[in-house]
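Number of protein chains: 2
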Amino acid sequence: MSDSRFASTPAPPYYAVMFTSIRTADDDGYQRMAGRMTELAAQQPGYLGVESTRGSEGLGITVSYWRDLESISAWKACAEHRIAQETGRRRWYEHYEVRIAKVERAYSSPGTARP
Amino acid sequence: MSDSRFASTPAPPYYAVMFTSIRTADDDGYQRMAGRMTELAAQQPGYLGVESTRGSEGLGITVSYWRDLESISAWKACAEHRIAQETGRRRWYEHYEVRIAKVERAYSSPGTARP
Chain U
0 MSDSRFASTP APPYYAVMFT SIRTADDDGY QRMAGRMTEL AAQQPGYLGV ESTRGSEGLG
60 ITVSYWRDLE SISAWKACAE HRIAQETGRR RWYEHYEVRI AKVERAYSSP GTARP
Chain P
0 MSDSRFASTP APPYYAVMFT SIRTADDDGY QRMAGRMTEL AAQQPGYLGV ESTRGSEGLG
60 ITVSYWRDLE SISAWKACAE HRIAQETGRR RWYEHYEVRI AKVERAYSSP GTARP
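The listed protein sequences correspond, in order, to chains U and P. Note that numbering that gives the first Met the number 0 numbers the first sequence so that position 35 is 34, with each residue one more than the last. Note that numbering that gives the first Met the number 0 numbers the second sequence so that position 49 is 48, with each residue one more than the last.
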C-alpha cells in the first residue's frame, strides 16, 4: 500500500521525535506555520518522514522520523523552525511534551507492504 | 498541570511503543476492546502511561510507555491482548505500523509542570 498518512521509514535503527500537544484557542498563523514546518522539515538532511494526527478531544501527536541525533539537533536549531518553536510556546500550545527516542524494532500489519 | 491526556513518564531512559493505524469500517466490538486493552495495559508490570488520539482523516497514533523491553514483550504475549491483536489484524485495522523505541531525552513546554 502507499498511504501518505504513514511514514515510509527504513529498517531500524533510526530516531523518532514524539511531539504531544494540546493547543490554545489562538489560531492566528497556526495553520500556515504548521504547513510550512511540514514542508521545511522534509527538506532537512536526515529527514525520514512524519505521522501526525489530532483528535476531537484536542490531543495532537506528531512523530517525525530522522536518520540520527545530529539531524534532529540541526532541525531544532534551524532558524525558521526556532521562530515557530518560540511562537508556539508563547501562543499556540497550552502544553506539550517532546520525547526523542531511538527506534529499535518496527513491523507492519501482515498482508500489507510497508506504505 | 495534571491532564490525563498526557502520560506522566519518569526521567529517561524508558521505552515507547508507537502504534500508528488506519481503521476499517468494522466497529463491531472495537470500542469495547480498546477500552479493555487500555485498562488491562495499565495493570501490567512496567507500564508507565499512554497517549492516544485519532484525527478526522482517520490516522490514529497511540504511544504507550514502558520501563523496559521485557515489560513490552510480556504485554505483547498477554493472552487477552493476543486475542485483541489477532482480531485487530483480521477485522479492525486496515493497516498499522508498530515501532518500539528507547526514549533517550524528554522535555515539557516551559512554564508548565510535567502533567
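Simulated from the structure, these hints should not be mistaken for laboratory data. Be aware that one or more of the hints could be misleading.
Unchecked claim - DMTMM-like cross-link-like pairs, simulated, lysine to aspartate or glutamate; straight-line CA separation at most 25 Å:
| no. | chain 1 | residue 1 | chain 2 | residue 2 |
| --- | --- | --- | --- | --- |
| 1 | P | Lys101 | U | Glu69 |
| 2 | P | Lys101 | P | Asp2 |
| 3 | P | Lys75 | U | Glu93 |
| 4 | U | Lys101 | P | Glu103 |
| 5 | U | Lys101 | P | Asp27 |
Going down the list of hints, with the structure as the test:
1. P:Lys101 <-> U:Glu69: holds (17 Å)
2. P:Lys101 <-> P:Asp2: With a Cα-Cα distance of about 24 Å, the restraint between lysine 101 (chain P) and aspartate 2 (chain P) holds, given a limit of 25 Å.
3. P:Lys75 <-> U:Glu93: violated (34 Å)
4. U:Lys101 <-> P:Glu103: Roughly 7 Å between the alpha carbons, so the hint for lysine 101 (chain U) and glutamate 103 (chain P) holds.
5. U:Lys101 <-> P:Asp27: violated (36 Å)
Of the hints listed earlier, those the structure fails to meet are numbers 3 and 5, in rising order.
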